[in-house]
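Number of protein chains: 2
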Amino acid sequence: MRDVAVIGVGMIKWGERWESSLRDLFVEAALAALDDCGLDRVDALYVGSMSPGLFTGQEHIGALFADYLGLAHLPATRVESACASGGLAFRQAFLEVSSGLSEIVLAAGVEKMTDVDGAEATYVLSTAADQEYESFHGITFPGLYALIARDYMHRYGLTREQLAAVAIKNHAHGSHNPFAQFPRKIDLETVLNSPMVADPLRLMDCSPITDGAAAVVLCPLERARELGKKKPVKVLGSGQASDTMALHHREDFCYFRSTAEAAKRAFEMAKIERERVDFLEVHDCFTIAEICVLESLGFFERGKAGSAAQEGITALDGKLPVNPSGGLKSKGHPVGATGVAQIVELVHQLRGEAGERQVKGAKVGLAQNMGGTGASSVVHILEGC
Amino acid sequence: MRDVAVIGVGMIKWGERWESSLRDLFVEAALAALDDCGLDRVDALYVGSMSPGLFTGQEHIGALFADYLGLAHLPATRVESACASGGLAFRQAFLEVSSGLSEIVLAAGVEKMTDVDGAEATYVLSTAADQEYESFHGITFPGLYALIARDYMHRYGLTREQLAAVAIKNHAHGSHNPFAQFPRKIDLETVLNSPMVADPLRLMDCSPITDGAAAVVLCPLERARELGKKKPVKVLGSGQASDTMALHHREDFCYFRSTAEAAKRAFEMAKIERERVDFLEVHDCFTIAEICVLESLGFFERGKAGSAAQEGITALDGKLPVNPSGGLKSKGHPVGATGVAQIVELVHQLRGEAGERQVKGAKVGLAQNMGGTGASSVVHILEGC
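Taken in order, these protein sequences are the chains called R and W.
Residue 396 in the numbering used here is what sits at position 363 of the first sequence, and the numbering runs on without skipping anything.
Residue 323 in the numbering used here is what sits at position 290 of the second sequence, and the numbering runs on without skipping anything.
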């Protein structure tokens, strides 16, 4: 397997994009990524999307997108792993370049979630849980993560204020991200007074419903400087793993074993220790998720990440900045696009072009993307060249 | 890229499987494939499925299936390319082994289509066409393929009887396949008297709505004899391509350019000529599709495949047997499973264990799997060892 680099990234404004269709969102992000590296063709396309069928009545989006990008006849593959679909698209593109099968591959993620109303969107998202043993009985994702939050509070004494600190921190980061859906700071009062969704999770603990897309271009590392216009970013490691689908089958609600296994594989491939990682983009679909993920990734001991945001450890100027992009909470969470947008943020940071949200001296970054309540995870480690 | 072999195949009875859920179908096929090679573990899982979300309310099936197979924590990826999802799952599994990332990979395809009624199934299938320019206006797949059939008839003088001959031939083959949904012979009268669906296509020109799954196990060729129990089958070539999504954007209705491009790539990788291929499994979702595919693959000149079935050329004992399994027409068409089942048939034939439907002296077989009206195609060439 040969070394692979990211040479182009494309991000677009996320939010309620009623003027843009599913294919429009993809094309906008893909053209931005191609423009970023100065290329006008690729050899293959991977796209991650959770449920274009249920959200917009359109499956078969690999071929559709290749066509609308003006590149019909290209091999085009859609991958899906619920909210980890984007990370998976990046992984498969990495694999295709790494194997030697293709030279230049575009990986994109996209989701158009606001063509349906809120109740319908909640139903569509629930198809990422176990339909027969969870969703059928009426539980939705805020409810599932509320169970995790209650368990964590009970076991480790997590406070309501510590949960809120995750949202406050990520919105502070996102206030510097022009592509974010909600690029504004929030305070403790806003979080604590926001409507209750599923006790203890309030509206401000939840990532929003979002339309969006993101795209990146990969090529062999040895051709990165010849093909791209900007500083290449090397893919050091890639890991993927799954876990039991239904939460009630887990030994431990607060530890995402798929994340732990995916991180183990990514670090083995990267051949580096955790100390080398300067910052993280993680899957904060709910505030509690960021806390459990940081422990599952092995950056905090069990029960110790609950106070990390409150203590400033995971802030932009902290010891280990987490979600400098604003995370899913502030940037938005068009589910299939999220994993690719994490890679876009890693690349901006590792090129030193992240502006006011730049992590100082960032050389190595890690992205963790997760599906459902952690039934699937994808972890990537990238290094600036 | 290293050489890859198929060492295990699993097929199950297809039809209206009301007693089995989506996950049941997958597990039954996966266990059959594992049993066929005598293994009880794999390193990764790929599953092709077109729309488990719309058909059964369940996305995130990679992780779900790994869990229900008793292999939670495994990397598990779902791929989708409409009716070519199964072929794509096989291709991605081939890529993962070929790249050196994994040793033993399970590729499966599954679809559970009878949990919704016929009108709803027709809607779900229409999400494989261009939602904005085709499906929205009311056309469905029988209608789209009827346009192709009319064009072919007009240009090349194809007769109603020649179309029927494709269905009669495939049902004759399928009558020897115990896993087929409709394993019985039909005659010309049956086809010509069957209800009109979309002129000129009658019910007996259409593949059915089916529940089903299929699975195969891949490993490096050099380990195939050590890991498997039976004669390995080598993957000689793999090709994938796309075309414009909407039929009205094509220069030519009757020529599937994605199939032609995918075949070109597969033959380039295989480094063999078409003369070496002893039989084909192709995507006969409608009788007219088999005719156009045979020409797009380059086995017949343009306008010449229309009479192939009528003249016996593509029969089991003909010069180039096509769809010895019974094809989608007789075996059934659980859309995401079809591409993997084609590989299963190739392996049975190349091992010489296809019983009454055995192609005599079969050494090399080709499988062509297609999405929509050919907006995506996957072609594989396999050789017995």
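Rather than coming from a laboratory, the hints here were simulated on the basis of the structure.
Honestly, I wouldn't trust all of these hints.
Stated by the list, open to error - Every beta carbon over 12 Å from chain W, so not counted as near; a handful from chain R, in silico:
hint, residue
1, G133
2, Y189
3, Q343
Claimed, not checked - Pair ranges (Cβ atoms, derived):
hint, chain 1, residue 1, chain 2, residue 2, range
4, R, R74, W, L180, 48 to 56 Å
5, W, D68, R, E306, 37 to 45 Å
6, R, L64, W, D36, 54 to 62 Å
7, R, G133, W, R309, 19 to 27 Å
8, W, R35, R, E259, 24 to 32 Å
9, W, P228, R, E301, 39 to 47 Å
10, W, G351, R, K262, 55 to 63 Å
11, R, L180, W, L180, 48 to 56 Å
12, R, K264, W, R35, 53 to 61 Å
13, W, R309, R, R74, 26 to 34 Å
14, W, W51, R, K352, 23 to 31 Å
15, R, E49, W, G190, 21 to 29 Å
16, R, R74, W, G190, 23 to 31 Å
All C-beta atoms, glycine included, are put in the ideal place defined by N, C-alpha and C.
Hints and how they fare:
Listed as a non-interface residue, G133/R fails to keep its Cβ farther than 12 Å from every Cβ of chain W; the least gap is roughly 6 Å. Every beta carbon of chain W lies more than 12 Å from that of Y189/R, the smallest distance being close to 24 Å; the non-interface claim holds. At roughly 32 Å from the closest C-beta of chain W, the C-beta of Q343/R stays outside 12 Å, upholding its exclusion from the interface. Against the hinted window of 48 to 56 Å, the Cβ-Cβ separation of R74/R and L180/W comes to about 31 Å, which falls outside the hint.
With their beta carbons about 42 Å apart, D68/W and E306/R fall inside the hinted range of 37 to 45 Å. Separation of L64/R from D36/W is about 38 Å and departs from the stated range, judged on CB atoms against 54 to 62 Å. In this structure, G133/R and R309/W meet the distance hint of 19 to 27 Å, their C-beta atoms being roughly 25 Å apart. A beta carbon spacing of about 27 Å between R35/W and E259/R agrees with the range 24 to 32 Å that was offered as a hint.
A C-beta distance of roughly 59 Å is found between P228/W and E301/R, which places it outside the suggested range of 39 to 47 Å. The hint said 55 to 63 Å for the Cβ distance between G351/W and K262/R, and at roughly 56 Å that hint holds. The hinted range of 48 to 56 Å is satisfied by L180/R and L180/W, whose Cβ atoms lie roughly 52 Å apart. A hinted range of 53 to 61 Å is violated for the C-beta pair K264/R and R35/W, which are about 33 Å apart.
Range check, R309/W to R74/R: Cβ separation about 32 Å, and the 26 to 34 Å hint holds. Our hint of 23 to 31 Å for W51/W and K352/R is violated, since their Cβ atoms are close to 57 Å apart. Checked against the hint of 21 to 29 Å, the C-beta distance between E49/R and G190/W comes to roughly 54 Å, which is inconsistent with it. For R74/R and G190/W, the hinted distance range of 23 to 31 Å is not satisfied, since their beta carbons lie about 40 Å from each other.
Hint violations for this structure: numbers 1, 4, 6, 9, 12, 14, 15, 16, all remaining hints satisfied.
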